[in-house]
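Numbers 151 to 293, taken from the working numbering, label the letters of the sequence shown in order.
Calculated directly from the structure, the hints in this document are not laboratory data. Everything numeric in this text was worked out from a predicted model, so none of it was measured. All C-beta atoms, glycine included, are put in the ideal place defined by N, C-alpha and C. Hints may contain errors.
As the list claims (entries may be wrong) - Each pair of labels, with its calculated beta carbon distance range:
hint, residue 1, residue 2, range
1, ALA259, VAL212, 33 to 43 Å
2, ARG286, ILE174, 21 to 31 Å
3, ARG224, LEU170, 22 to 32 Å
4, ALA280, ARG180, 16 to 26 Å
5, ARG286, PRO194, 44 to 54 Å
6, VAL212, MET255, 31 to 41 Å
7, LYS288, MET255, 28 to 38 Å
8, ALA280, LEU164, 44 to 54 Å
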Amino acid sequence: MPPVTRWFLRSAVLYLVASLWAGILVVVPRVMPHAPRLLSALGPTYVHAFMVGWVTQMIFGVAFWMFPKAERARPRGNERLVWISFWLLNAGLFLRVVAEPLNAMAPGALWGWLLVPSALFQWAAGLAFAGNLWGRIKGKMAP
C-alpha cells in the first residue's frame, strides 16, 4: 500500500471518530438547554467532517491504491499530485472545522472569510486528485 494511501486512510479514520463525537455534541443542547452555544453550531461541521473527512478521504485513499495501473514507469500516475491533494484537502477541512462553528456564532467576522480559502483548498484538492486519476480510467474498445 502506498504511503499516501495510508495517510488518507488514517486521516479518514480520525475524522470518522471526530465527526461521530461532534454528532453527539450537536444533540447535547436539545437535552441541556444551558449548554454552550458553540455546541449547537456544530451541525454543519459534523456533516462536513463526516463527508469530506471520512467518506472522501477513504474514497481517495482506496481509489489511488486500487484503480488500474496507468503505465509501467509510474503505475499510479503522479504521486506528488496526490500528496498535494492530501494536504490541500486536509488544510481546507481543518479551516472549515475551525471556522464554521465560530462563524455561526459571529457571522461576518474573520471566521466567515476563512471559509473561502477552505472551500478553494478542497476544490483544488479534488481537481488535483481527479487530474491524477483521469489517466487511469480506461475503457475497452468495441471489437
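Right, here's what the structure says about each hint:
1. ALA259 / VAL212: 33 to 43 Å: For VAL212 against ALA259, whose Cβ atoms are near 38 Å apart, the range 33 to 43 Å holds.
2. ARG286 / ILE174: 21 to 31 Å: 39 Å, violated
3. ARG224 / LEU170: 22 to 32 Å: 37 Å, violated
4. ALA280 / ARG180: 16 to 26 Å: 39 Å, violated
5. ARG286 / PRO194: 44 to 54 Å: Violated, since ARG286 and PRO194 (Cβ atoms, about 33 Å apart) do not stay within the stated range.
6. VAL212 / MET255: 31 to 41 Å: 36 Å Cβ-Cβ, so the 31 to 41 Å window holds.
7. LYS288 / MET255: 28 to 38 Å: Between LYS288 and MET255, where Cβ atoms are some 49 Å apart, the hint is violated.
8. ALA280 / LEU164: 44 to 54 Å: Violated, since ALA280 and LEU164 (Cβ atoms, about 24 Å apart) do not stay within the stated range.
When held up to the earlier numbered hints, the structure conflicts with 2, 3, 4, 5, 7 and 8 and fits the remainder.
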